[in-house]
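Protein chains: 2
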Amino acid sequence: MTPILQLGLGPIGQGIVRRLLARSDSAIVGAVDPAPDKAGRSVAEVLGLAPSDPGAKAARALRVAPSLAEALAQAAQRPTVAVHATSSFLSQVAPQLVEAAEHGLNVVSTCEELAYPWRHHPDEARAIDEAARRAGVTILGTGVNPGFVMDFLPVCLAGAAASVSHVHVERVVDAGSRRGPLKRKVGAGLTPDAFQAQAATGTFGHIGLVESVAMIAAAFGWSLDQITSDLQPKIAQEPYESPDLTVPPGHVLGIDQVAVGLDEQGEERIRLHLQMYVGAPNPHDTIRLQGEPPLELTIPRGTPGDLATAAAVINAIPNVLAASPGLKTVIDLPPARWRQP
Amino acid sequence: MTPILQLGLGPIGQGIVRRLLARSDSAIVGAVDPAPDKAGRSVAEVLGLAPSDPGAKAARALRVAPSLAEALAQAAQRPTVAVHATSSFLSQVAPQLVEAAEHGLNVVSTCEELAYPWRHHPDEARAIDEAARRAGVTILGTGVNPGFVMDFLPVCLAGAAASVSHVHVERVVDAGSRRGPLKRKVGAGLTPDAFQAQAATGTFGHIGLVESVAMIAAAFGWSLDQITSDLQPKIAQEPYESPDLTVPPGHVLGIDQVAVGLDEQGEERIRLHLQMYVGAPNPHDTIRLQGEPPLELTIPRGTPGDLATAAAVINAIPNVLAASPGLKTVIDLPPARWRQP
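Protein sequences appear in the order of chains A and B. When we follow this note's numbering, the leftmost residue of the first sequence carries the number 1, and every step to the right adds one. When we follow this note's numbering, the leftmost residue of the second sequence carries the number 342, and every step to the right adds one.
Hints may be right or wrong, so weigh each one.
Here are the in silico distance ranges between beta carbons for each label pair [unchecked claim]:
id	chain 1	residue 1	chain 2	residue 2	range
1	B	Pro344	A	Ala197	39 to 45 Å
2	B	Thr532	A	Asp25	50 to 56 Å
3	A	Pro281	B	Arg525	33 to 39 Å
4	A	Gln226	B	Pro682	19 to 25 Å
5	B	Asn623	A	Pro36	54 to 60 Å
6	A	Asp25	B	Arg401	45 to 51 Å
7	A	Ser67	B	Asn623	56 to 62 Å
8	B	Ala376	A	Asp263	42 to 48 Å
Footprint (simulated), chain B over chain A, 3 or more residues, beta carbon under 8 Å [claimed, not checked]:
id	region
9	38-52
10	93-102
11	328-340
Hints listed in this document are in silico derivations from the structure and should not be mistaken for laboratory results. Bear in mind that the values here come from a model prediction, so they are computed numbers and not experimental data. By construction, the Cβ of each residue, glycine as well, lies at the ideal position given by its N, Cα and C atoms.
Pulled out of the complex, with its shape left as it was, chain A reads as follows (with noise of 0.2 Å):
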């Protein structure tokens, strides 16, 4: 029985700890979340659980603390490993990390520029590490994307293959299918004017792509001169009507997003595809290497986002647990995988 401590009720974490609740191998002995809807309130108020939810007993017992520090005073039982879901944004979860790993926690994150900080964001990255060796804990930060569709599957494919000059991944998700926050983050519905609006403040769009590349060009030994980054709308043709939500034609459906990453030479090494847009057909994952053997890899229908992200974090929790202390990416551990609690 792990006890877990979760940081962040946004819809993400709730997911999460809807999980947990369910299964017999976890115990989340608290839960922090500083918003006020949200803390002081029990966690089964929170997430909206039923009586027959599994763990709603459990839930209703563990009130939301507004900080890490009131919710380990409060807890029970001393938790090893914190979930973490605040913020796609290294800068604003750095110190939170650092935090939970000084009261001695292990961490798993959904932050997703976490997935791979080192090219990125060095200085927290080496901050975030060095808290986590003084400590003596293991700080990792995974999900379905970035964690594992564009980045450890491609890694995984490699291992096949004898050599490897270019990377192509390609992912359609057909935002339509997916919870609100996703479409408001792909932007569907807004006027292509609000959309590059919106794109120009950086915060927009799927984070974490430049990360994959980041992490697939270290799993190769390969060193990039350069990680370029471009985010397009999706414009409809057509209007897409759905119960919630009606899109007519020359406003936007979703993202249309690449990365690549160029080496030394100025050739490119690794080019990630993500579309992620309301009604979009065919949604799929393909990888592509090109290498000796070509290898090619397909997901049909792709792999779903939300309760895929849920079952990363909860599949590494004990990866975490087992592994030496430091900042770790996916690559650095075994396979997280379901494990039958």
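Once you have looked at the hints, place chain B on chain A.
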């Protein structure tokens, strides 16, 4: 530069050496094969290298030794790892692996029964593990199958699963496109009676399928009551003709092999289905996980056998050098991947 000793120069061992000779990060410092047509000759001769082949010069200077002790005595540099490719059967290779460990060598082996020996050969597994721990070295069995397609990849895919209730893997290989030994190994051209006589020896067909079942079960924490294996001939309905083989209708094209894992309630949990026969249409590897979410993964045209086995072995070397001592399986280590030499 990793100094490597090659144990076994059959077709797979030769393929591995050929590729290692081309890698700037590896040096073959010794080779062992007691076969009278190999021991005493140069590695270049045994491999039939042309002077222009990568590493041909080094291979001409390297004499195949009849035993590990002699290879070590004549090696200009002490090897840190042995690449082992002598036999599919653990009873035959266990003494070789223990001997290598006692000489302080880490080992990556293609022995199929070594891929996950803990269920079907627990005594040998324990003896090898103990010898490795005593010597402070790591021993791993890997390859494309077992070691990758039908066990490692399904386990990796389950990293995105919130639950798994059943694993189905289907691998179809066109043996017509493969080396002569594989055509013989699958019985192409035999009469059904001759096939059944061969099958009765228990050393015919694909070795390692039950080990793959056991590995998946161990990865998921499933306690299997029974693992069954069935080997049938694939019979030609129409004549099969190729430059080096003709199979008349009614004769054998190859194998159709199934291994199944049943849990303690007698319910099927794992089904691995392998077809390797000459003329197989639509070769592919397909993994289907029942569970939440259901997940499917396909490698169109399939993972090429011999080349991918050589690659898997070479790609595992850095992992084995970095691992803690003992007998490992591929699910214990970070994903092996191609690395730029």
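Going down the list of hints, with the structure as the test:
1. The supplied range of 39 to 45 Å is broken by Pro344(B) and Ala197(A), whose beta-carbon atoms lie about 59 Å from each other.
2. A hinted range of 50 to 56 Å holds for the C-beta pair Thr532(B) and Asp25(A), which are about 53 Å apart.
3. Hint check: Pro281(A) to Arg525(B), Cβ distance near 47 Å, so the stated range 33 to 39 Å is violated.
4. Taken as a hint, the range 19 to 25 Å holds for the pair Gln226(A) and Pro682(B), whose Cβ atoms sit roughly 23 Å apart.
5. The beta-carbon spacing between Asn623(B) and Pro36(A), approximately 58 Å, falls within the hinted interval of 54 to 60 Å.
6. The hinted window of 45 to 51 Å between Asp25(A) and Arg401(B) is violated, with their beta carbons roughly 58 Å apart.
7. For the pair Ser67(A) and Asn623(B), the beta carbons lie near 58 Å from each other, so the given range of 56 to 62 Å is met.
8. With their beta carbons about 43 Å apart, Ala376(B) and Asp263(A) fall inside the hinted range of 42 to 48 Å.
9. For a cut-off of 8 Å, the count of residues in the region 38-52 of chain A with a CB near a CB of chain B stands at 0, and the three-residue condition is violated.
10. Chain B is given as covering the region 93-102 of chain A, and this is violated because 0 residues of the stretch bring a CB closer than 8 Å to a CB of that chain, at least three being needed.
11. Interface restraint, the region 328-340 of chain A with chain B: holds (10 residues with C-beta to C-beta distance below 8 Å; minimum three).
Checked against the numbered hints given earlier, this structure breaks hints 1, 3, 6, 9 and 10; the rest are met.
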